[in-house]
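Engineer: Put together the whole structure using the sequences plus the hints.
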Amino acid sequence: MSVDIYKINPEFRDIMPKDILDLEDNATWGQEKRTIQDLTDKKELLEEHSLCAGCPEAAALRYVLTALPKPEDTIIVNSTGCTSLMFPHIALHTVHSLFGNQNAVASGIKRALEWRFPDKVKDVMVLAGDGATIDIGLDYTLQSFFRQEKITTICFDNEVYANTGGQESGSTPKGHVFKMAPKGKVFDKVPMWELAVTSGCQYSIKLTASAPKAVARAVREAVYIARELGPTYIHLYTPCILEIGLSASEGLWEMKEQDKDRFVSFKYVSPEAEALLKERKKEGLL
Amino acid sequence: MSIKDMTKEKNWSGQKLVSTDYLLFEAPREKHFMTGSEVTKEAIKRCTVDASVSYPITPQSEAAHLIGELWAEGYVGMYFRGENEFGVMSEVAGCAMAGARTVTTTSGPGTLRAMENFPMWSGTRIPVQLILMARGINSPLTIQPDNLEVTFMLETGCMIWYAENVQELFDMTIAAFTVAEMPDVHVPIVTVVDGFFVSHTREAVMLPADDIALHPYDPYAAPLPPIDSEMPPGRFLRDPFVMKSNYISYATHASWQWEVRSAVDRSRPYARHYLNGLAHVTGDEDAEIVFVACGTASNQAKEAHRELAKQGIKSKVVKLRTIRPFPHEELLAATKSAKYIFVPEFNIVGWLDKEVTQSLYGKSEAKIIGRPRVAGGMSMPVESILQEVFENTNAKGA
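If you read the protein sequences in the order shown, they are chains C and Y. Numbered by the working numbering, the letters in the first sequence go through residues 1 to 286 in order. Numbered by the working numbering, the letters in the second sequence go through residues 287 to 684 in order.
There could be a bad hint or two in this list.
Stated by the list, open to error - Straight-line alpha carbon distances no greater than 16 Å define the calculated EDC-like cross-link-like pairs of lysine to aspartate or glutamate that follow:
no.	chain 1	residue 1	chain 2	residue 2
1	Y	LYS290	C	ASP119
2	C	LYS120	C	GLU32
3	C	LYS213	C	ASP38
4	Y	LYS290	C	GLU114
5	C	LYS120	Y	GLU516
6	C	LYS33	C	GLU283
7	C	LYS120	C	GLU72
8	C	LYS70	Y	GLU516
9	C	LYS7	Y	GLU516
10	Y	LYS682	Y	GLU669
11	C	LYS120	C	GLU228
Bear in mind the hints are in silico, worked out from the structure with no lab data behind them.
Structural biologist: Have a look at this one:
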C-alpha cells in the first residue's frame, strides 16, 4: 500500500475533526526512521484510550505504535481483554477475532499476504495479554513459533485477568492472592520468554514498560527479525495498578522499583538474527 | 508458482479463467469414477483457490490431503497443516480476512472443537468455504457416519448446503464459492455431505476439463475491506461504543446479527440459479405421501419411492439442497398435496424434522412423522422407510 489510503478526500477536509486531519498532516507515516521522540510533537496512531487512568498498558501501546518501522503496512491482531479496549482507537488495520486465537489468525493473515503480495513488505504483529498469550491461547502461540511464522508476538503481562475482574492467570507469581486463587497461586509464573526460545523464536526479550526507548528498540528489532527470519517474542511487564491497589500515578514506580527479581532483563537473539540486527544498525534503522 | 503468473485470461497455474455459468452449465463434461474425497480435489482444482489449512480427522482427511497435493502441484496458492480444528478455523479466517479465497474441511468432533470460530466467521463476513464430511459425535468414540453435528451449525450465521452424492458435491463446491462471494451475500458457506457414504463411495461423475477454472476472488468487492493495508482500515471494532454497555451498543450488535442473517437470505436467488433450485422434487406430483430429506437420506427416500411405486402407491421426495437459507417456499409448494410427511434422518435428534415442522407450522395440515431415524453409523435400509409408511398411513404393503 501507499500511505495514500490514510489521506482524506480533499472535499471532506472542511468537515473532518482535527484528530483525523492530524493523522494526515502530522503523523509519521511512510518514514522508516520513526522514533520514540515523535511522541512529543507528532500525531500518535493511538487516539486517546479507554483504559484506567495511569494504566501502564496504554503507555506501552503508545511506545509500540510509535516504534513500528512501517505502520502503514502493519496489521495488528489482538485478543480479548484490556488490550482489546484500546484497539478501536488505533488508526491501523487491526483484528479482534476470539479470545486466544490471535496467533492462529495472524498466521493466516501473514501467509495470505505473502501469497497475495510477494513483492511487498507487510508486517503482522500480535499484541495480547498474558491470559490470551499464555493460558487460553498458549497452544496457538507456541504452534506459531514451531511453524516459524514470520510474526512478532507481544505479550502485555499484567499478571492477572484484569478485564474480567482480577482473576489469577498463568503469569501470576506464585503465592499471589487473586480471585479464583483465594488461597494464593500454587504454581510458579509461567516463563513464557523461555518457552519462546525453546519453541523456536529467533528473538525473545523480557522487559518492563518503564523505559520507552528500550521498548521501542525491542519492537523495531523484533519486527525486522520477524520480517526476514521467523517468530519473535516480546514479554512486556505492564502491571494492573487497579488489581494490585496502586493509584494512577504509581504505575511507573511499580515497574521501575518493584518486582526486580521477576523482571530481571532477559534477551535471546539467534545468531542469524544477531547478524541481521547488525545490518539494520548499519542502515541506521535501529 | 506465484500469483504474479496470473493474467486476465489465465490463473497462476495456467488454467483458462471462465465464468461460473460456463464451468457449471456449459463446459463439455466427461464421465469419471470417483469418491467424494477425490471429487473435492477436482472441484477445488477448478476454483482458483488461494489458501487452505488442514487437520486430520476421519473421514475428511483424504480430501484434505488431496487439497495439499493441489498446492504441491501449483493449483492452490498456500497450504499447511494447522495444530487442531480451533486453530485451523482461525487460520483460515486470517487467510480470508487478508483477501484470500479459502477452503477447509472437517468432520464431527473437529467441527465441535472449532465451534467458536463459526459465528466469528459470519460476523466477520468472510466467504470461507467449509466442506463438512459429517461423522458421529459420541462417547464412546465413534468415527461412523451420522450428521448430528449439523444441528450445531444451524444458527452460526453460515450458509449451509447439503449435497446428496459425489456429483452434487463437485457442483456445489464450485457454486458455493461463487454465491458466498457475492458482495450482497458475503458470508461463510458450509457444504455438507454425509461422511463415508459420499466421501468414500466411488460413483460415476461428470466433470468438465481441468484446464479451466473460476475467476479469482476479488476482495475489493467485499462489503468489508480486506485486512491487507491496501484499503482504509475496516472498522469492525473501530467505534468504542461497540464495547460499551449502552443502548447504542446493544442496537449495533442486534442489527449486525440481523444483517448476517439477512445476507444469508439474500443468497436465495443466486443459489436458485447455480443449484437449479433450493429443493429438488421427484416422484408423483399429487402424492399424499411425501419424503422430505437431505443428503444420503434423500437417496434412500428415492429408493423407497421406487418400491412404493411398484406396489401402486404414490409418493414423492423433496430433497432440500440448502438448509441455511431454509427453502420455506419450495417446501410448502412441494408438500401441498401431502397428507403424510416423513423426514428420514441420519441422526438421533431429528434436526431436519424440527426444521420442517417449524417451517410448515400453521401452513400445512399434513401429519409430520420424523422417522425413520438412524444414528451411530447405522444404515437406513429402504425397508425401514417402508415400514414407517405402512405403520403410519392407509397404504398397504405387499
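Engineer: Could you run down the list of hints and mark each one as holding or not?
Structural biologist: These are the hints, each one checked on the structure:
1. Y:LYS290 <-> C:ASP119: The given pair, whose Cα atoms are some 9 Å apart, holds under the 16 Å limit.
2. C:LYS120 <-> C:GLU32: Answer holds: C:LYS120 to C:GLU32 is near 15 Å, not above 16 Å.
3. C:LYS213 <-> C:ASP38: holds, 12 Å
4. Y:LYS290 <-> C:GLU114: Distance of about 12 Å is within 16 Å: holds.
5. C:LYS120 <-> Y:GLU516: holds, 11 Å
6. C:LYS33 <-> C:GLU283: Within the cut-off at roughly 10 Å; holds.
7. C:LYS120 <-> C:GLU72: holds, 12 Å
8. C:LYS70 <-> Y:GLU516: Distance ~13 Å between C:LYS70 and Y:GLU516 Cα, so the pair holds.
9. C:LYS7 <-> Y:GLU516: holds, 13 Å
10. Y:LYS682 <-> Y:GLU669: holds, 14 Å
11. C:LYS120 <-> C:GLU228: The hint holds at about 12 Å.
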